[in-house]
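Student: Can you make the complete structure from the sequences, with help from the hints?
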Amino acid sequence: DKVTVKPPDVFSIISGCKAPKEDSIMDLACLVTGYVPEPVKVTWHSEAQGQIQKTFPSVRIGELYTLTSLLSFPASEWKDKHHRCIINHYETNKNINETFQLPASWNAQASPVPTVPPRAEKGSTETTKINTATTTGGTGSKAPSSLSISLLSMSVPAETASWLLCEVSGFSPPDILLMWLEDKREVNPSWFASTHPMAQAGNKTFRSWSILRLPATAGTSPATYTCVVRHEASRTMLNASKILDTHEGPSQSSPWPALQD
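For the sequence shown, counting from 1, position 155 maps to 155 in the UniProt record's numbering; every step adds exactly one.
Simulated from the structure, these hints should not be mistaken for laboratory data. Keep in mind that a hint or two might mislead.
As the list claims (entries may be wrong) - Capping the alpha-carbon separation at 35 Å, the derived lysine-lysine pairs in DSBU-like fashion look like this:
#1 2 / 184
#2 41 / 54
#3 2 / 81
#4 2 / 94
Tutor: The structure is reproduced here in structure tokens:
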């Protein structure tokens, strides 16, 4: 049956895998997904000085909508200050309050590390495991049924950052590996952040998202950006790509077929 009314799910995402330097910029994102109908309102409450807020237009995926809102500020403004986003879905009158917390892994670090570490050599494939739940082995596993890339924002010419959203769904168990490539090379791990998989309503499969932030300097020439997902339990690999040219604009998404081991 067609879904006509559904409140959103909200995920808080913090850019980077490691604690940034205090003189760098920190990005917080509220991913508002799986709602219908439009609109939703995003309100940020933050004590950070020098902050910039930006909400991207919604993207329709199937019958449901997804929207991303960002808060950027100097990393030095993170400590001892509160940051949260409030989502209001008008049709259902549902309000969701999402508060950002410092990742536990950052507290364990001996010292801050650069936000932009050196790029990996060609052929390197660092992946991000976006769930740590115990798998059930190959029995009863289900391969991802959908993988898509959406362009959230792009500056032409490249004066500000561009943003891409990758969504993968229909898989079980929830353990998956995800990485982004730029022209077949691993992108800087600090450029993207991924959500933990969440159960899909009405069935026993899961879905997850990843947001890629491309600095203005990364888009000075045409490049192909690829979201790669590997689901170990079903021995399946999926990838989808989009060509970005900040002189002429983006090409259409180009999903590639699944590869079965």
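Student: Would you mind marking each hint as holding or not holding in the structure?
Tutor: Comparing the hints with the structure gives:
| no. | hint | in the structure |
| --- | --- | --- |
| 1 | 2 / 184 | 38 Å, violated |
| 2 | 41 / 54 | 12 Å, holds |
| 3 | 2 / 81 | 43 Å, violated |
| 4 | 2 / 94 | 21 Å, holds |
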